[in-house]
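Asker: Assemble the whole structure, with the sequences as input and the hints as a guide.
Each chain, letter by letter, is given below.
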Amino acid sequence: MEFALSEDQRMLQDSISGFLKDNASLDTIRKIADGDADAKATLAAGLSEMGIMGLHVPEAAGGSGLGLLEACLVQEALGYAVTPSGFLAATVAAHVLPNAGEAYAEGVATGDMVFGLSLTELSSRRDLAGLTLKDGHVSGKTLLAMVPDSATHVLTADTDGGLHVVDTWSATAMRTIDRTRTFQELGFDHAKCEASMAQADGALEAARLLIAADTLGAAQAMLDKAVEYAKERKQFGRVIGSFQAVKHLCAEMTAKLEPARALVWHAAYAMDTGDPEAAVMANLAKAHLAEVGTFVAKTSTEVHGGMGFTDLLGLHYWFKRIGVNRQLFGSPEQARHSAAELQGFVAA
Amino acid sequence: MELSLSPEYEAFRQDVNRILTENAHLAPGPEDRGMKNPKRLAWQKFLIEKGLTARTIPKEYGGYGAEPDLLKSRIIAEEFARTGIARPMGGQGISMLVPTLLELGTPEQKEAYIRPTLHGEMIWCQGYSEPGAGSDLAALRTAAVEDGDDFIINGQKIWTSTAKQADMIFCLVRTDPDAKKHHGISYVLFPMDTPGIEVRPLVDMTENANFNEVFFTDVRVPQSGIVFEKNKGWQVANATLTHERGMLGDPNATKARFLELVELMKKETMNGERLIDNPLLRDRLVKLQGEVYAMQANGLRVTTARLKQESAGLAGLIVKLQGCELNHQIAGLAIDALGELGILYGDGDHLRADGSWQWRYMYDLGLIIGGGTAQIQKNIISERGLGMPREPKPAKV
Ligand SMILES: Cc1cc2nc3c(=O)[nH]c(=O)nc-3n(C[C@H](O)[C@H](O)[C@H](O)COP(=O)(O)OP(=O)(O)OC[C@H]3O[C@@H](n4cnc5c(N)ncnc54)[C@H](O)[C@@H]3O)c2cc1C
Numbered sequence: 001m002e003f004a005l006s007e008d009q010r011m012l013q014d015s016i017s018g019f020l021k022d023n024a025s026l027d028t029i030r031k032i033a034d035g036d037a038d039a040k041a042t043l044a045a046g047l048s049e050m051g052i053m054g055l056h057v058p059e060a061a062g063g064s065g066l067g068l069l070e071a072c073l074v075q076e077a078l079g080y081a082v083t084p085s086g087f088l089a090a091t092v093a094a095h096v097l098p099n100a101g102e103a104y105a106e107g108v109a110t111g112d113m114v115f116g117l118s119l120t121e122l123s124s125r126r127d128l129a130g131l132t133l134k135d136g137h138v139s140g141k142t143l144l145a146m147v148p149d150s151a152t153h154v155l156t157a158d159t160d161g162g163l164h165v166v167d168t169w170s171a172t173a174m175r176t177i178d179r180t181r182t183f184q185e186l187g188f189d190h191a192k193c194e195a196s197m198a199q200a201d202g203a204l205e206a207a208r209l210l211i212a213a214d215t216l217g218a219a220q221a222m223l224d225k226a227v228e229y230a231k232e233r234k235q236f237g238r239v240i241g242s243f244q245a246v247k248h249l250c251a252e253m254t255a256k257l258e259p260a261r262a263l264v265w266h267a268a269y270a271m272d273t274g275d276p277e278a279a280v281m282a283n284l285a286k287a288h289l290a291e292v293g294t295f296v297a298k299t300s301t302e303v304h305g306g307m308g309f310t311d312l313l314g315l316h317y318w319f320k321r322i323g324v325n326r327q328l329f330g331s332p333e334q335a336r337h338s339a340a341e342l343q344g345f346v347a348a
Numbered sequence: 001m002e003l004s005l006s007p008e009y010e011a012f013r014q015d016v017n018r019i020l021t022e023n024a025h026l027a028p029g030p031e032d033r034g035m036k037n038p039k040r041l042a043w044q045k046f047l048i049e050k051g052l053t054a055r056t057i058p059k060e061y062g063g064y065g066a067e068p069d070l071l072k073s074r075i076i077a078e079e080f081a082r083t084g085i086a087r088p089m090g091g092q093g094i095s096m097l098v099p100t101l102l103e104l105g106t107p108e109q110k111e112a113y114i115r116p117t118l119h120g121e122m123i124w125c126q127g128y129s130e131p132g133a134g135s136d137l138a139a140l141r142t143a144a145v146e147d148g149d150d151f152i153i154n155g156q157k158i159w160t161s162t163a164k165q166a167d168m169i170f171c172l173v174r175t176d177p178d179a180k181k182h183h184g185i186s187y188v189l190f191p192m193d194t195p196g197i198e199v200r201p202l203v204d205m206t207e208n209a210n211f212n213e214v215f216f217t218d219v220r221v222p223q224s225g226i227v228f229e230k231n232k233g234w235q236v237a238n239a240t241l242t243h244e245r246g247m248l249g250d251p252n253a254t255k256a257r258f259l260e261l262v263e264l265m266k267k268e269t270m271n272g273e274r275l276i277d278n279p280l281l282r283d284r285l286v287k288l289q290g291e292v293y294a295m296q297a298n299g300l301r302v303t304t305a306r307l308k309q310e311s312a313g314l315a316g317l318i319v320k321l322q323g324c325e326l327n328h329q330i331a332g333l334a335i336d337a338l339g340e341l342g343i344l345y346g347d348g349d350h351l352r353a354d355g356s357w358q359w360r361y362m363y364d365l366g367l368i369i370g371g372g373t374a375q376i377q378k379n380i381i382s383e384r385g386l387g388m389p390r391e392p393k394p395a396k397v
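Read top to bottom, the protein sequences are chains V and W.
No gaps in the numbering here: position 160 of the first sequence is 160 in the UniProt record's numbering, and each next residue is one more.
No gaps in the numbering here: position 248 of the second sequence is 248 in the UniProt record's numbering, and each next residue is one more.
Please note: incorrect hints may appear among the correct ones.
[What the hints assert, rightly or not] No farther apart than 30 Å at their CA atoms in a straight line, the calculated lysine-lysine pairs in the DSSO-like style are these:
1. W:K287 / V:K298
2. V:K231 / W:K393
3. V:K231 / W:K181
[Said to hold, decoys possible] Okay, the calculated bits of chain V under chain W, using three or more residues with CB under 8 Å as the criterion:
4. 219 to 232
5. 238 to 245
6. 250 to 257
7. 282 to 288
8. 337 to 347
These aren't lab readings, by the way, just hints derived from the structure by calculation.
Since the model is a prediction, treat every value here as computed from it, not as a measurement.
Don't be surprised by glycine CBs; every beta carbon is placed ideally from N, CA and C.
Answerer: Right, dumping it as structure tokens:
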């Protein structure tokens, strides 16, 4: 038994973190949040060049053949640097598409196909939206889709839980509190499904797990920033990090975050190895990281005092990332409901 | 990352499971009260013989004598949690003193104390805290003055758990009043029936008199009771405390408690509806499940670090704080789920699970305080774990 990251896994994480350190500085993130399309495209291109989009695509189809655990490490690094990216959508696509045909997996690996993802129909369908399937075509609209600017396809769910690959849609931007990432309302008008899967095939669990990893990264960044700030900021003639009230806030964040990290690893490992409890764990990870992330977001901001609340430090980008992640692909309550259903605590 | 177990370990797990389930009828229940209850002692003996407790302690000291194998120990703990069958005895003698003696005791001390302690025949109490020395333990004042080969001890301890039942005490005393706070302390073992010791029970909020005040008046004990070295007791105490904190946050015990709560909520009904069918309660249950699983995964990390003989770092430092708090919350949900019946205590027809949820809810508050309060744990995490500066010493006035 070994419950720890391997050397390869650590190297993967280091290389992506290193890249983001150099290419996704706060300055760049600010530009992206302010709508600088060039900055966004450059960053997206750089990430693609690293070859991460095909990370979860099987080797036979030209990908790296790595598991969701590795994908979570990358997603954690993206969250740590509040970086927008099509990685989550690509990875969920890679997770389910082998069941739809080799060509898609290959397309993701080569970068010829760029996927967007829209799963609200599975996680929290609203009355004003809804996608219906008829004769192999979908119609209607779906909300809060994550669609990279260069997307060629979207993976979308219909109201009955089926999953489809579609290549024509209309998009309307949906502004959220998080300006670093863009979300869209997608409209489909009798759009042909290029491929369909009757079952969601673990798409929602994979998405929930990845978003948990994203929150883990963002929360770790906020904790690190709080500790760093507390060691420098002086009040009453000494650094505030020597005040116990401040130290205890940092210790509480740590005490919640360390087990949460282990939970993300464990859930990812379970998904990769086909553990019967995998889906339960992915849902627990989503819900738990949402709660821990929210706590860290609030507490880290408090440790920064007034500075934390301003735009000056940019701390709010992380705060908002965590806030949006909390609701995305279903609220913590919804993820817990899924976990309860899967365990027979409640009739499905 | 590799969590699957080799066939050897899988077979071991099945063996453990078989031994436990086939012999479940021998296990003591809540009704078998009392530390030296014959059924408890017999169960303990059985578990030692089967290698399910005291596993790595040498045979010459009454253990099972197996090679240390963290994975096997883990599997055993998991199987106790999974089956819910009565665990081996714990307590301060077994969990804290025995490992301390194995590490630092003299051959005579090991010979005399380890076997009867493991078998539950010798009960120990821990004489650390004093009225003026709780969190600030090194401020302790109970004095041991040399007199030939003996010490003469005078002073007072407080919060001493099981002192009334204890045969022996492991006690911190000040042997050099002139040395700096941490340097003049010794760690001494002696019998509780030594003349001059008076134990006055203190009733705690669970209505039990589990802990006590202990008074020492001219208590004469041999210096051979010193563990390790004279005036080096602080190091010994720290070794013990590490074991105490490990015991207080065992994720397998937490998991077992969680599973008990799931059963309770499936079985118990209110207004004709199973408790688990109430969406609000169910949400709280699954919320706690996330934390339980997180602590379990954290435990895997800690185990891996130990297997590699590395420090578990932050993952290790947070265990006591998070584990104790989580146990308390699980008991809290059980009481809330039981609703108005959740306030019953003591005895009576409507009491559930023998009142153990209410007892645990209260007792856990004690565990959050004992062995280093939550605040002290946070100091440790922030200073040792995060490298934050110590609070400056107050200026002399
Ligand atoms: C159930 C139970 C069993 C126990 N069993 C034993 C036993 O068998 N043997 C034994 O020797 N002792 C035992 N104890 C004693 C236990 O170790 C002490 O109660 C504990 O260390 C706290 O000390 P105190 O009670 O004096 O509280 P205090 O030290 O007076 O603390 C009071 C409050 O002040 C806070 N505080 C104190 N110092 C600091 C600081 N530096 N920073 C931040 N906050 C601080 C504490 O966190 C706490 O909230 C037991 C206690 C309990 C509750």
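Asker: Against this structure, judge whether each hint is valid.
Answerer: Quick rundown of the hints versus the structure:
Between K287 of chain W and K298 of chain V the alpha-carbon distance is near 19 Å, which keeps this suggested pair within the 30 Å criterion. Proximity of K231 of chain V to K393 of chain W is assessed by CA-CA distance (about 18 Å); at most 30 Å being required, the pair is judged to hold. For a cut-off of 30 Å, the pair hint linking K231 of chain V to K181 of chain W stands: about 29 Å separates their Cα positions. Counting residues of the segment 219 to 232 of chain V whose beta-carbon sits less than 8 Å from any beta-carbon of chain W gives 3, enough to reach three: the coverage restraint holds.
Closer than 8 Å: that is the beta-carbon criterion, and the segment 238 to 245 of chain V has 6 residues meeting it against chain W, so the requirement of 3 holds. For a cut-off of 8 Å, the count of residues in the segment 250 to 257 of chain V with a CB near a CB of chain W stands at 6, and the three-residue condition holds. Coverage of the segment 282 to 288 of chain V by chain W holds. Counting CB-CB distances below 8 Å, 4 residues qualify, and the rule asks for three or more. Only residues whose C-beta sits within less than 8 Å of a C-beta in chain W count toward coverage, and the segment 337 to 347 of chain V has 5 of them, enough to reach three; the restraint holds.
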